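Novice: Residue numbers (our numbering), protein chains in the order written: chain C, 1 to 230; chain D, 1 to 254.
Calculated pairs, EDC-like style, for lysine to aspartate or glutamate (alpha carbon to alpha carbon, straight line, at most 20 angstroms): (1) Lys164/D / Asp86/C; (2) Lys164/C / Glu152/C; (3) Lys90/C / Glu162/D; (4) Lys164/C / Asp139/C; (5) Lys90/C / Glu148/D; (6) Lys169/C / Glu102/C; (7) Lys244/D / Asp114/C; (8) Lys169/C / Asp65/C; (9) Lys169/C / Asp139/C; (10) Lys164/D / Asp83/D; (11) Lys41/D / Asp213/D; (12) Lys244/D / Asp86/C.
Stretch by stretch, here's where chain C covers chain D in the computed footprint (C-beta under 8 angstroms, at least three residues): (13) 141-150; (14) 154-168; (15) 238-248.
Computed, partial: chain C to chain D, Cβ under 8 angstroms: (16) Leu70; (17) Arg77; (18) Pro79; (19) Gly80; (20) Trp81; (21) Arg132.
Hint data in this document are derived by calculation from the structure and do not stem from the laboratory.
Quick caveat, the model's predicted, so the values are computed rather than measured.
We put the beta carbon where it would ideally sit given N, CA and C, even for glycine.
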Amino acid sequence: MLLQCRNVTYRYPQGDALVFNDLNCRLADPGFHGLFGPSGVGKSTLARIIAGEINGFAGEIKRRDRAGILYSCNTERLPGWSSVGDHLTKVTPAAHLPLLQELIRAFDLGSCIDSRFSQLSLGQKNRANLTRYLLQDFDLLIMDESLANVDEAIRKQIIVTIKKMFPDKYFLYISHSVAEVATFCARILMLRDIHKSPQLIEVAGRDHHGDTAMDKAALERTMLEIVHAA
Amino acid sequence: MLHKRISQFLIIYFLGLGLLLAIKYCFGLSDYVIPGFTDIKNTAAAVAAGYLRAVLDTLGVAVIGHLLAIALATVVAIVGRPDNLLGTMIKTAAYNLQAYPIVAVAPIIFILLGDGLPSRLLIAAIICYFPLLLSFIGILGEPVASIEHFYVMTGRMRWQLEVKIRAFENMHKLITVVTGSATLAMVGTIVAEFIGADSGIGYSLRIALYQSDMAKVLVALFLIGVFNSLYLVALELLGLVIQKRMGVEQRIQQ
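Please put together the full structure from these sequences, using the hints given.
Specialist: Here's what the structure looks like:
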């Protein structure tokens with residue numbers, strides 16, 4: 001098991017209200033998992049607690065290796081003093097350089113590799129940012145709306161590519177698209193309002209790999225299950 | 001840029017001169033109090049060469065003092081950047097010291113170091129140092145989370161990289177602060193020369209004051225204004241070159 005959260009209780013340093021109350025969750029198997037829930041329910045906060053960016057919570061978080069957990073989000077920027085290509089090359093461990101070329105192709109970044117980050121579109125920015133995280137040594141990569149502003153077709157292609165290229169890694173994908181998490185995620189951690197108990201429940205996703213036709217009826221059932229759970 | 005700076009100065013200078021002459025003629029003041037335009041012109045012809053050398057002398061000291069202040073402020077801001085005990089102490093000291101009119105310690109410096117170059121240099125440096133330090137601490141102490149996050153997450157963050165990110169992201173502010181403090185360096189040098197030095201345009205101003213010769217004062221002010229404008233333009237051009245080389249310009253244009 002990579003990660004287990006037990007009885008996590010947390011309130012923001014400035015606020016009195018609880019964000020999480022006795023929250024439990026775990027990531028037992030590798031794969032592409034989702035963290036889903038309404039806006040403001042604390043998805044990013046939970047992700048940052050898991051990544052070790054936020055402390056001061058009660059309860060326990062067991063991690064196999066804290067250094068192996070990375071958290072990426074869509075507000076990040078690459079430094080502006082070099083091109084996207086130069087930056088990616090510089091932050092890629094030597095052993096992963098061949099992977100860099102594969103990801104550039106798969107994520108359709110070839111056309112903007114010589115540009116500065118500020119010259120990219122929002123979608124390209126998010127793809128470039130995600131690429132550099134995928135090139136690191138990690139066990140779990142938390143993708144907090146990392147594919148926001150990316151075209152739907154490319155987004156699907158990227159998720160399928162990630163699943164193919166990193167079958168042994170853990171991913172926790174935060175998205176507001178029910179259809180997307182229902183389609184691609186193996187397990188979906190449904191984070192609910194603080195007043196609901198339990199605050200977090202697990203729903204099985206369709207874990208689609210893009211190589212077979214999707215069972216639409218099964219997908220609809222999963223989506224309904226997610227919506228009802230929320 | 002040069003044209004703009006010089007024009008701005010000339011407009012202000014001649015508006016001020018016009019106001020003085022208007023006061024002179026409105027109240028019928030004698031040439032001894034406010035000299036006429038011809039007197040000013042004749043005085044300019046007589047003292048221009050000497051005053052030019054004095055202004056260049058002052059400018060040289062101001063530039064060196066300014067560079068010293070920039071270097072020192074950069075080092076102290078880097079050291080005082082983190083939120084640890086040392087950083088907190090440095091910030092507190094800087095905020096408290098800058099509240100004191102530092103020019104008031106100039107006589108102590110003259111008593112200790114004499115009326116030569118070191119005193120002028122030190123006073124020029126300390127007068128522009130604290131505003132620079134406060135700005136530098138503010139800029140280098142403020143995390144750029146959107147860029148730094150990746151390096152922190154992946155264990156790559158080093159202090160040099162942190163400083164580079166913050167300086168790059170705030171290059172416009174840094175250049176504005178450095179350019180703004182250039183005038184303070186010039187002010188510091190002139191004040192030092194005025195108080196106790198034996199050379200420079202501040203010293204010439206002191207002599208003109210003792211002689212109650214406003215024409216000389218006006219000529220000195222003209223030269224100070226022109227050369228200060230030139231120094232500011234040089235700094236702004238240098239800032240543009242740095243920004244262009246680092247790619248800041250492309251970022252701003254987007």
